[in-house]
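*Asks:* Starting from the given sequences, assemble the full structure and let the hints guide the process.
Following the working numbering, the numbering of the sequence shown begins with 194 at its first residue and continues without gaps.
Treat the hints as calculated values from the structure; they're not laboratory data.
This structure is a prediction, so every number in the text was calculated from the model and none was measured.
Please note that a few of the clues may not be correct.
[As the list claims (entries may be wrong)] With a cut-off of at most 25 Å between alpha-carbon atoms, the simulated DSS-like pairs for lysine-lysine come out as follows:
hint : residue 1 : residue 2
1    : 206       : 248
2    : 384       : 206
3    : 248       : 406
[Said to hold, decoys possible] Quick list of simulated restraints, FRET-style, between CB atoms:
hint : residue 1 : residue 2 : range
4    : 364       : 384       : 18 to 24 Å
5    : 376       : 227       : 33 to 39 Å
6    : 251       : 381       : 37 to 43 Å
7    : 211       : 408       : 22 to 28 Å
8    : 406       : 249       : 18 to 24 Å
9    : 272       : 215       : 22 to 28 Å
10   : 385       : 363       : 27 to 33 Å
11   : 219       : 374       : 17 to 23 Å
12   : 328       : 392       : 18 to 24 Å
The beta-carbon is built from N, C-alpha and C at its ideal position, and this holds for glycine as well.
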Amino acid sequence: MTPDVDGLIQFYKSPLGRLTRGLVREQVSQLAGDVTGLRILGLGFATPYLRGALKGAERVLAFMPARQGASSWPREGPSHTVLCDPLEMPLTDSAVDLVIAIHGFEHVLDAEDQMRELWRICAPGARIVLVVPRRRGLWAGLDNNPFGFGQPYSRSQMDTLLRNHSFTPEEWRDCLYLPPFNSQLVLRSAKMFEKGGRVFGPTLAGVMCVRAKKEQFPAIARRRRVEKTHASPELSPQTARLIS
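*Replies:* Right, here's the structure in full:
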């Protein structure tokens, strides 16, 4: 099951969603580093984490999967959003320098095909920053948040997937140690949860963040897709919804 774009927007408007955005964005920003002059792709529903790159980057695109739906972003100026199949993205080879994937990777039908497609569109030496729900985390076990849907991952599973497709993990981060409740007590104690949770290691974390570098040669050749996705209403032109 994949959360739709309306549900994602509503979550990030809630007190818990705003707090989640701040905590995860801090980790994503540190992993992404200096983005000046880079060609950046946000995959899934990454727009809450891309605004800081709009001024310094050469270009910023937000690709949203058809199963999820798309919303216009940013609110001001031309939209940077594209509705597409994440396994066959409308980009040439080696088109981007940095991919930030959030609320997308755990929902793809074939994670291996997704990795091959990421390897194709990434330029030599490009980085990818993935944010996925942690398999044993509390957030993955509750469906009141977007990380409670799709396929959660353990660190060993993600490490194997990356290395098998010619991406070398460089740095790992864990985040969201607080329980996913819209409780004032929980929200006010977020910093305490984040600080205290790290004492016990990644076991209590809700999401896992990793930065990986593209290697020169693909480890596994891209499979030929025999069955094409049939035309669906999701791919028909629709009026875009504005988000901040």
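*Asks:* Against this structure, judge whether each hint is valid.
*Replies:* Results for each hint:
1. 206 <-> 248: Holds - the C-alpha atoms of residue 248 and residue 206 are around 24 Å apart, at most 25 Å.
2. 384 <-> 206: Roughly 20 Å separates the two Cα atoms, so the pair holds.
3. 248 <-> 406: holds, 24 Å
4. 364 <-> 384: 18 to 24 Å: Given range 18 to 24 Å: holds, Cβ gap about 22 Å.
5. 376 <-> 227: 33 to 39 Å: Hint holds: Cβ distance 37 Å, inside 33 to 39 Å.
6. 251 <-> 381: 37 to 43 Å: holds, 40 Å
7. 211 <-> 408: 22 to 28 Å: Given about 37 Å between the Cβ atoms, the range is violated.
8. 406 <-> 249: 18 to 24 Å: Roughly 20 Å apart at Cβ, these two residues keep to the hinted range, so it holds.
9. 272 <-> 215: 22 to 28 Å: holds, 25 Å
10. 385 <-> 363: 27 to 33 Å: holds, 30 Å
11. 219 <-> 374: 17 to 23 Å: Since residue 219 and residue 374 have Cβ atoms about 21 Å apart, the given range 17 to 23 Å holds.
12. 328 <-> 392: 18 to 24 Å: Hint holds: Cβ distance 21 Å, inside 18 to 24 Å.
This entry does not satisfy hint 7, going by the numbered hints stated previously; all others are met.
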